[in-house]
Amino acid sequence: MRRAVLATSATVAGIGLLLALKPHHNSPAAALAPSPSGSAGPSGGAGPSGGAGPSGSAGPSGSAGPSGGASSKPSATGRNGTFTGDAIDTRYGPVQVQVTIKDGKLAAVKVLQVPSENGRDRELADMAIPRLTRAALAAGNAKIDTVSGATYTSEGYVNSLQSALDKAHA
Amino acid sequence: MPELRVVHVMGTVVSFAIRTPMSSQIHRALDEAETWLRHVDAVFSTYRPDSQISRLAAGTLSLIRCAPEVREVLALCADIEAESNGHFTTTPRGRLDPSGLVKGWATETVSDILYAAGATDHCINAGGDVQTRSSLRDAPWRIGIAHPHHPGDLTAIVTGTNMAVATSGTSERGEHIIDPHTGRASTGLVSLTLVGRHLTRVDALATAGFAMGEDARDWIASLPDIEAFAITTTGRAWQTPAFPVSTPA
Chain X
1138 MRRAVLATSA TVAGIGLLLA LKPHHNSPAA ALAPSPSGSA GPSGGAGPSG
1188 GAGPSGSAGP SGSAGPSGGA SSKPSATGRN GTFTGDAIDT RYGPVQVQVT
1238 IKDGKLAAVK VLQVPSENGR DRELADMAIP RLTRAALAAG NAKIDTVSGA
1288 TYTSEGYVNS LQSALDKAHA
Chain F
132 MPELRVVHVM GTVVSFAIRT PMSSQIHRAL DEAETWLRHV DAVFSTYRPD
182 SQISRLAAGT LSLIRCAPEV REVLALCADI EAESNGHFTT TPRGRLDPSG
232 LVKGWATETV SDILYAAGAT DHCINAGGDV QTRSSLRDAP WRIGIAHPHH
282 PGDLTAIVTG TNMAVATSGT SERGEHIIDP HTGRASTGLV SLTLVGRHLT
332 RVDALATAGF AMGEDARDWI ASLPDIEAFA ITTTGRAWQT PAFPVSTPA
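Protein chains in written order, with the working numbering: chain X, 1138 to 1307; chain F, 132 to 380.
Everything labelled a hint here was simulated from the structure, so no lab data went into it.
Please note: incorrect hints may appear among the correct ones.
Straight-line distance between alpha carbons at most 25 Å, and here's what the computed SDA-like set of lysine to any residue pairs gives [unchecked claim]: (1) X:Lys-1304 <-> F:His-280; (2) X:Lys-1280 <-> F:Tyr-178; (3) X:Lys-1304 <-> X:Ser-1291; (4) X:Lys-1280 <-> F:Ser-266; (5) X:Lys-1280 <-> F:Pro-133; (6) X:Lys-1280 <-> X:Ile-1266.
Whole structure, please, built from the sequences with the hints as guidance.
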């Protein structure tokens, strides 16, 4: 497993880069502009320290990263299988990876959790579905102006909450 | 009480609420907005065989002969298609159909018409997709997000002044689907609500994000101008940190 783990570290250098970049996040000089492709690009790496390259992830300082997370809980026996690491809380946020070993070789790496450059992932946490019943809304005087929902048809509108609101305002 | 107008158009209902004191100019703008929506329906409806979009799809009309807004819409579609890695498409069923963008775009356009006429404080709801404008920070628009499993109930309330809110989803109860690769329940989406500034973009991105299912989460996190609230098929919800949710009073 150990070899596979090291290989993982190298393969998911992107995470390491992300982690390594993180300390610069609060620095005004670090222009980590969010973009659809993520900020872990080469431009982001050109920070003042310069040491924030992919190698950082496999080095000793990167030990809190994915390598720590992928070392436990095999979900299959033997050399082959898919292994999901524990989610490790790093100072930059939780990191969790899943690796697939085939014929003793690293076949796939899936990043399950990674702290993004703007720290959003920590707050994209699961929660129970909130429910505000019509009755509770009325009782609590929680005024709403309109309703957003999956598109209703002309027919569906008739019985909709939006229709009721429109009637109340008319 | 806001001035209200309800228009049945584009296969749905568009509700206008205007808090700015009405003027003759705003009344005219409302008429113009209604006329514009009917025009958009006539040009873009895929249900009308004589619409420009239908004839363009059938090959009996060339793009150059279409109204300029057809080219505008198709260009906007292309942008979103690229940004969403093809999860938004103008050919959802193998045939030209930009409907996923048209409603949001038309609604944002009429919002601009009202604003230009002096109605700086208004809220337009087009079949569940909302565009608001206001300069009153202490009196934001309050928009309920429909609960996907309980018709008539809400799952959240968002507030804002200049804001677009679009929800994509099914009203059906989400089924627990087991992913054969993981043996776990899939984490597809039942409902995805996006909040941003412009409804053209927000509505189309919501369509794309919903199609992505579980992958929407990471994708949305990378969109700096978009906040999201989602309900998953596993009966959970998640939201981005700056999603402008309001707790009921």
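Tested hints:
This hinted pair checks out: Lys-1304 of chain X and His-280 of chain F have alpha carbons roughly 24 Å apart, not beyond 25 Å. Simply put, Lys-1280 of chain X and Tyr-178 of chain F have alpha-carbon atoms about 37 Å apart, too far for the 25 Å limit, and the pair is violated. Proximity of Lys-1304 of chain X to Ser-1291 of chain X is assessed by CA-CA distance (about 15 Å); at most 25 Å being required, the pair is judged to hold. For a cut-off of 25 Å, the pair hint linking Lys-1280 of chain X to Ser-266 of chain F stands: about 19 Å separates their Cα positions.
At roughly 14 Å between alpha-carbon atoms, Lys-1280 of chain X and Pro-133 of chain F fall within 25 Å of each other, so this suggested pair holds. Taken as a hint, the Lys-1280 of chain X and Ile-1266 of chain X pair is honoured in the structure, with Cα atoms around 21 Å apart against an allowance of 25 Å.
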